[in-house]
Amino acid sequence: MRTKEELVDQLDELERTSTKEDRKKLERYYGVKEAPALGRVDSLDPVLQCPFDCMHLFFENVIPNLWKLWTGVFKGLLGDYVLDSEIVREIMGETAAAMKTIPAEFSRTLARGL
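Under our numbering, read the sequence shown as residues 13 to 126, first letter to last.
Think of the hints as simulated: they come from the structure by calculation, not from any bench. Please read all numbers here as calculations on a predicted model, not as lab measurements.
Within a straight-line C-alpha distance of at most 20 Å, the following computed PhoX-like cross-link-like pairs (lysine-lysine) qualify: (1) Lys45 <-> Lys32; (2) Lys36 <-> Lys80; (3) Lys36 <-> Lys87.
Restraint-style ranges between C-beta atoms, simulated for each label pair: (4) Met13 <-> Glu46: 17 to 23 Å; (5) Ile99 <-> Asn77: 17 to 23 Å; (6) Cys62 <-> Asp34: 26 to 32 Å; (7) Ala49 <-> Gly91: 36 to 42 Å; (8) Asp54 <-> Lys112: 47 to 53 Å; (9) Val85 <-> Ala47: 25 to 31 Å; (10) Tyr42 <-> Glu98: 36 to 42 Å; (11) Glu98 <-> Met13: 36 to 42 Å.
Glycine included, each C-beta is placed from N, C-alpha and C at the ideal position.
Construct the entire structure; sequences and hints are all you get.
This is the structure we're talking about:
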């Protein structure tokens, strides 16, 4: 787990980058783009006091990245784990059909895919 000091060091390193390309690489590597808004409050440690939760870590991060990996669009990586386009279409069709049974309050649009 990252400490507050490590976060500060990583943010400093981001600020010292000389090109946008280098900054993007570091943002991707560290998983942070800018200082948290509450980071200026000395008594608050955003690393320790902001709990991890299933919604943001898993459903809004892991699952979309896993889908990108399986469909061959994740950060330019290609390999044996990329699903055949026929299988992707089948998954999308079944997912779209399943969405009809989920109340709108509990779901999001599939307009951009999974």
